[in-house]
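Q: As a plain string of letters, each chain reads:
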Amino acid sequence: MTFLLRRALFYLVTLWAAITMNFLLPRLLPGDPVQAMITKLGGRLNSDAMASLYVLFGLDEQKSIWAQYVDYWAALLRGDLGLSFTFFPTPVADVLSQSLPWTLGLVGVTTVIAFLLGTLLGVYAGWRRGSWLDSLIPVTTFLSSIPYFWLGLIAISVFSVTWPLLPASGGYAAGLVPEFSGEFIGSVLEHAVLPGVTIVVSSVAGWILGMRNMMVTVTAEDYVLVAKAKGLSQRRIMFAYAARNAVLPSISGFALSLGFIVGGALLVEMVFSYPGLGYVLFQGIGAKDYPLMQGVFLVITLAVLVANLLADIGYLLLDPRTRREG
Amino acid sequence: MNFKTKLGLGVLAFFTLIAVIGEWIAPYDPSAMGDDLLSPPSGAHWFGTTMTGQDIFSQVLVGTRGVMVVGLVCGVLATFLSILVGVTAGFLGGAADEALSMLSNVFLVIPALPLIIIVASMLPSADTVLIAAVISLTAWAWGARVLRAQTMSLRRRDFVEAARASGERTWRIIVFEVLPNLTAVIASGFVGTVIFAVMLQITLSFVGVVSLSTWNWGTILFWAQSNQALGQGAWWWFVPAGLCIALLGTALALINFGIDEYANPRLRKVRA
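If you read the protein sequences in the order shown, they are chains A and B.
In terms of UniProt numbering, the first sequence is residues 1 to 326.
In terms of UniProt numbering, the second sequence is residues 1 to 272.
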């Protein structure tokens, strides 16, 4: 259990670092973009909203930096992330809670699919080294070198413009009301196909490659040779002996590449106008909506940390050594 | 050196050459507007033209420099940081190691893209070099982690012990005994960082947080997207820049495979 406790502690420190960065950035960087925005909105801001923006972005010059930091934490713990300029006058927290489920659904499902598919292909490619599967490597390398968003653009131009098979934007058909009905769910799935496939195609290569290289290394180990000498079936050796050990770096790598994958997925959402955090962030950039952008950053960081903790639990289940330790 | 590595080096050399001479061989001024509006590729405009009649071939040629400069600057800066943090942590061990590893893990886990978008959009003028510096600050952590692990395995080797026993100073052992044995790891980290930096810079330009006054492949895609090139079927507007990115990325990845195979002979191709 100490393993999990240590990891959880680390994630708490990371969360603290992310929040503190969020606090410091607008205070350290030159210029007062938020002040400019407030001036522009003028009388349309009520005094409560004004006060929370002052706390979040350090416009209250009279207070010491420490007092500002305490106020900042107090605001965060209340769930107060300020008002969004883009979706004025909706609070940032509301905008985020509407778009978060879309991102979690899209990115969560596609990341799991890409990981499973890539790992499985990697197991085969590493086990059958020297076969035609080796030619997968250059192809997938090329695919992973394509930026996520560009692949999304191509997907739109081929499957929505040239052959209008699938919808190019949005999370569900216009005119439908979000509810728990067959029609609505069908529409959601239909809209998720293109962005989902885009994310899977561009992220699968990394898993294939990492898994293949580990399989190649593990296959040369003595315990695999012993298993072969015992006459166990190929399948059993491949999965229970080689793959189970080879997958460990992939899982610990999963945690670390997640931040990168999420970044790519946000871009896919921007390209497809998918109603998740990425698209919200994109709209925020255009309007210089700092409360919204910082809110998106915090929520994404939190989601990535939770996903990391889940990956750690998976690691714990697969590798008995981590359980004995401590 | 196998064929794949040579191919990678060749493509990289080609783009480096374009980065240097691109501005001189470009047939048009990339920002100049022309009379052929949104025309498909032809003899006069190899990659076609934009909505305002700008020559896309010239934009790609001129834009290569910005991409390569950011890649190089970030590669150098971030590799330096990763050596500084990773090797120090791995060699010293103990509390210093704990603190430095924690620092690099924090930077690894925090999603870089939204963070950089915030920083870049808050900067009053987000020019190429500044962006390169900001990207480097988030790009060093992966290299540091790998270098730390490798250094830890070297720390207790006989030749390091020998140097320590003969009274060499710590920095001298690190620079002259440890670093030369990390060359392959550092090189592959450098190449990996360049890929990361190039992708990130193009992404930032595409999203529109970087100054649009200088051309790079991402800016071309930004204009293509904001002028609805897709809806108008103007595939030539975004295909060339995207292919260039993919080609450069693949070339760098191939070079990295070469380095990996050099460092880990088990990965080399089995001769039938």
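If you're looking for bench data, these hints aren't it; they were derived computationally from the structure.
On a predicted model such as this, the values are computed, not experimentally measured, just so you know.
It cannot be assumed that every hint is accurate.
As the list claims (entries may be wrong) - Between beta-carbon pairs, the in silico distance windows are:
(1) A:13 - B:84: 18 to 24 Å
(2) B:9 - A:180: 43 to 49 Å
(3) A:98 - B:84: 42 to 48 Å
(4) A:240 - B:7: 36 to 42 Å
(5) A:44 - B:93: 55 to 61 Å
(6) A:317 - B:93: 52 to 58 Å
(7) B:92 - A:4: 26 to 32 Å
(8) A:287 - B:98: 52 to 58 Å
(9) B:92 - A:12: 21 to 27 Å
(10) B:167 - A:62: 46 to 52 Å
Said to hold, decoys possible - Covered, in the sense of this in silico footprint (three residues per stretch, anywhere, with C-beta under 8 Å from a C-beta of chain A), are these stretches of chain B:
(11) 46-59
(12) 115-125
(13) 157-163
To be verified - Which chain A residues face chain B? A few, computed with CB under 7 Å, are given here:
(14) 17
(15) 220
(16) 263
Glycine included, every Cβ here is placed at the ideal spot set by N, Cα and C.
Q: All the hints need checking, so say for each whether the structure fits it.
A: Results of checking the hints against the structure:
1. A:13 - B:84: 18 to 24 Å: holds, 21 Å
2. B:9 - A:180: 43 to 49 Å: Because 56 Å falls outside the window, the suggested range is violated.
3. A:98 - B:84: 42 to 48 Å: With Cβ atoms ~43 Å apart, the hint holds.
4. A:240 - B:7: 36 to 42 Å: Holds, since residue 240 (chain A) and residue 7 (chain B) (Cβ atoms, about 38 Å apart) stay within the stated range.
5. A:44 - B:93: 55 to 61 Å: holds, 58 Å
6. A:317 - B:93: 52 to 58 Å: violated, 30 Å
7. B:92 - A:4: 26 to 32 Å: holds, 28 Å
8. A:287 - B:98: 52 to 58 Å: Once the Cβ atoms are compared, 42 Å apart, the range 52 to 58 Å for residue 98 (chain B) and residue 287 (chain A) is violated.
9. B:92 - A:12: 21 to 27 Å: Since residue 92 (chain B) and residue 12 (chain A) have Cβ atoms about 25 Å apart, the given range 21 to 27 Å holds.
10. B:167 - A:62: 46 to 52 Å: violated, 57 Å
11. 46-59: Violated, because only 0 residues of the stretch 46-59 of chain B bring their Cβ atoms closer than 8 Å to Cβ atoms of chain A.
12. 115-125: Three-residue rule met by the stretch 115-125 of chain B, so holds; n is 8.
13. 157-163: This one is violated; 0 residues, fewer than the three required, reach chain A with a Cβ under 8 Å.
14. 17: Check passed: Cβ of residue 17 (chain A) comes within 5 Å of chain B, closer than 7 Å.
15. 220: It holds, given that the least Cβ distance between residue 220 (chain A) and chain B is near 6 Å, below 7 Å.
16. 263: holds, 3 Å
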